[in-house]
Amino acid sequence: DTEVTQTPKHLVMGMTNKKSLKCEQHMGHRAMYWYKQKAKKPPELMFVYSYEKLSINESVPSRFSPECPNSSLLNLHLHALQPEDSALYLCASSQGGGGVQETQYFGPGTRLLVL
Amino acid sequence: QQPVQSPQAVILREGEDAVINCSSSKALYSVHWYRQKHGEAPVFLMILLKGGEQKGHEKISASFNEKKQQSSLYLTASQLSYSGTYFCGTAGSGNTGKLIFGQGTTLQVKP
Numbered sequence: 001d002t003e004v005t006q007t008p009k010h011l012v013m014g015m016t017n018k019k020s021l022k023c024e025q026h027m028g029h030r031a032m033y034w035y036k037q038k039a040k041k042p043p044e045l046m047f048v049y050s051y052e053k054l055s056i057n058e059s060v061p062s063r064f065s066p067e068c069p070n071s072s073l074l075n076l077h078l079h080a081l082q083p084e085d086s087a088l089y090l091c092a093s094s095q096g097g098g099g100v101q102e103t104q105y106f107g108p109g110t111r112l113l114v115l
Numbered sequence: 116q117q118p119v120q121s122p123q124a125v126i127l128r129e130g131e132d133a134v135i136n137c138s139s140s141k142a143l144y145s146v147h148w149y150r151q152k153h154g155e156a157p158v159f160l161m162i163l164l165k166g167g168e169q170k171g172h173e174k175i176s177a178s179f180n181e182k183k184q185q186s187s188l189y190l191t192a193s194q195l196s197y198s199g200t201y202f203c204g205t206a207g208s209g210n211t212g213k214l215i216f217g218q219g220t221t222l223q224v225k226p
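Going down the list, the protein sequences come from chains Y and F. Residues in the first sequence are numbered consecutively from 1, following my numbering. Residues in the second sequence are numbered consecutively from 116, following my numbering.
Hints listed in this document are in silico derivations from the structure and should not be mistaken for laboratory results. Among the hints, a few may not be true.
Said to hold, decoys possible - List time: in silico EDC-like cross-link candidates among lysine to aspartate or glutamate, alpha-carbon distance up to 20 Å:
#, chain 1, residue 1, chain 2, residue 2
1, Y, 22, F, 155
2, F, 152, Y, 44
3, Y, 36, Y, 85
4, Y, 41, Y, 58
5, Y, 38, F, 155
6, Y, 41, Y, 85
7, Y, 9, F, 155
8, F, 141, F, 181
9, Y, 36, F, 155
10, F, 213, Y, 58
11, F, 141, Y, 58
12, Y, 19, Y, 85
13, F, 213, Y, 44
14, Y, 9, Y, 84
15, F, 174, F, 131
16, F, 152, Y, 3
17, Y, 22, Y, 67
18, Y, 40, F, 155
19, Y, 40, Y, 84
20, F, 141, Y, 44
21, Y, 38, Y, 58
22, F, 165, F, 181
23, Y, 19, Y, 67
24, F, 213, Y, 67
25, F, 213, Y, 52
26, Y, 41, F, 155
For clarity, every value in this text was computed on a predicted model and none was experimentally measured.
Build out the structure end to end from the sequences listed, making use of the hints.
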């Protein structure tokens, strides 16, 4: 089973709203990732959590706040977003602590629209 | 440094073969290949590690030449289900888990 689940599937929010994206995996993976993907573009890494600790932050604006409450769960808290933040947000996980030799398995994504 | 994929797009008839290339200007430790269909998540195809290893399953295989910092994905006897956008993700040395994806190659297989 290589399933990563994400909720919600779609989200529409205003620029003053606060919302959260949720990602879950039950494969025992110890690294989890957030990516942002704009239309017709490749996924871009935002954050990496390794053993529940933030190991990479790709200079993401503070209006995006990640959280890893436990080894199975990853959240992305959104606040005061801009219309240009509209995109597909993908979560991924890998077995170890996030080594470059590990396969990353992606969830179906949350399609976010900021009005 | 984003890897460069070529071609940007390719159209095939069922049963034809295709090669997608991925080149980097930096030394690579691993290359990861994914296929993404419209509106769906990227699906893992294969990973190649430093060592020039060639991998494959069924009619999809790949090679990795770390000296040339290049990888190629080979699709043989293409099927309609192969349609989608193919991304290579590259990683340098270090245990960071950071993948940088190429701009993608759109493959369309027609009956």
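For each hint, the structure was consulted:
As the CA atoms of residue 22 of chain Y and residue 155 of chain F are separated by approximately 17 Å, the hinted pair is consistent with the 20 Å bound. With a C-alpha separation of about 17 Å, the suggested pair residue 152 of chain F and residue 44 of chain Y falls inside the 20 Å cut-off, and the hint holds. Restraint check: the Cα-Cα separation between residue 36 of chain Y and residue 85 of chain Y comes to about 9 Å, which is no more than 20 Å; the hinted pair holds. A hinted pair counts as satisfied when its Cα atoms are at most 20 Å apart, and residue 41 of chain Y with residue 58 of chain Y qualifies at roughly 17 Å.
At roughly 13 Å between alpha-carbon atoms, residue 38 of chain Y and residue 155 of chain F fall within 20 Å of each other, so this suggested pair holds. Annotation: proposed proximity of residue 41 of chain Y to residue 85 of chain Y holds, straight-line Cα distance about 14 Å (limit 20 Å). Pair hint residue 9 of chain Y plus residue 155 of chain F holds up; C-alpha atoms about 11 Å apart against a cutoff of 20 Å. Restraint check: the Cα-Cα separation between residue 141 of chain F and residue 181 of chain F comes to about 10 Å, which is no more than 20 Å; the hinted pair holds.
About 14 Å separates the Cα atoms of residue 36 of chain Y and residue 155 of chain F, which keeps this hinted pair within 20 Å; it holds. Between residue 213 of chain F and residue 58 of chain Y, the direct Cα distance comes to roughly 10 Å. Compliance with the 20 Å bound is thereby established for this hinted pair. Of the supplied pair hints, the one linking residue 141 of chain F and residue 58 of chain Y holds, its CA atoms being roughly 19 Å apart against a limit of 20 Å. Taking the CA atoms of residue 19 of chain Y and residue 85 of chain Y, the gap is near 13 Å; set against the 20 Å cutoff, the hint holds.
Restraint check for residue 213 of chain F and residue 44 of chain Y: the C-alpha separation of about 10 Å stays at or below 20 Å, so the hint holds. In summary, the hint linking residue 9 of chain Y to residue 84 of chain Y is supported, as the alpha carbons are separated by about 19 Å, within the 20 Å threshold. For the hint pairing residue 174 of chain F with residue 131 of chain F, the CA-to-CA distance comes to about 11 Å; that is within 20 Å, so the pair holds. For the suggested pair residue 152 of chain F and residue 3 of chain Y, the alpha carbons sit about 17 Å apart, so the restraint of at most 20 Å is met.
Restraint check for residue 22 of chain Y and residue 67 of chain Y: the C-alpha separation of about 10 Å stays at or below 20 Å, so the hint holds. At most 20 Å may separate the alpha-carbon atoms for a hinted pair to count; residue 40 of chain Y and residue 155 of chain F meet this at roughly 12 Å. Note on residue 40 of chain Y and residue 84 of chain Y: the hinted pairing holds, with a Cα-Cα distance of about 15 Å set against a maximum of 20 Å. Between residue 141 of chain F and residue 44 of chain Y the CA atoms are separated by roughly 18 Å; this keeps the pair inside 20 Å, and the hint holds.
Between the alpha carbons of residue 38 of chain Y and residue 58 of chain Y the distance comes to roughly 16 Å, so the proposed pair stays at or under 20 Å and holds. Restraint check for residue 165 of chain F and residue 181 of chain F: the C-alpha separation of about 6 Å stays at or below 20 Å, so the hint holds. Between residue 19 of chain Y and residue 67 of chain Y the CA atoms are separated by roughly 13 Å; this keeps the pair inside 20 Å, and the hint holds. Taken as a hint, the residue 213 of chain F and residue 67 of chain Y pair is honoured in the structure, with Cα atoms around 18 Å apart against an allowance of 20 Å.
For the proposed pair residue 213 of chain F and residue 52 of chain Y, the alpha carbon gap of about 16 Å is at most 20 Å, so the pair holds. Annotation: proposed proximity of residue 41 of chain Y to residue 155 of chain F holds, straight-line Cα distance about 13 Å (limit 20 Å).
Of the numbered hints given earlier, the model fails none.
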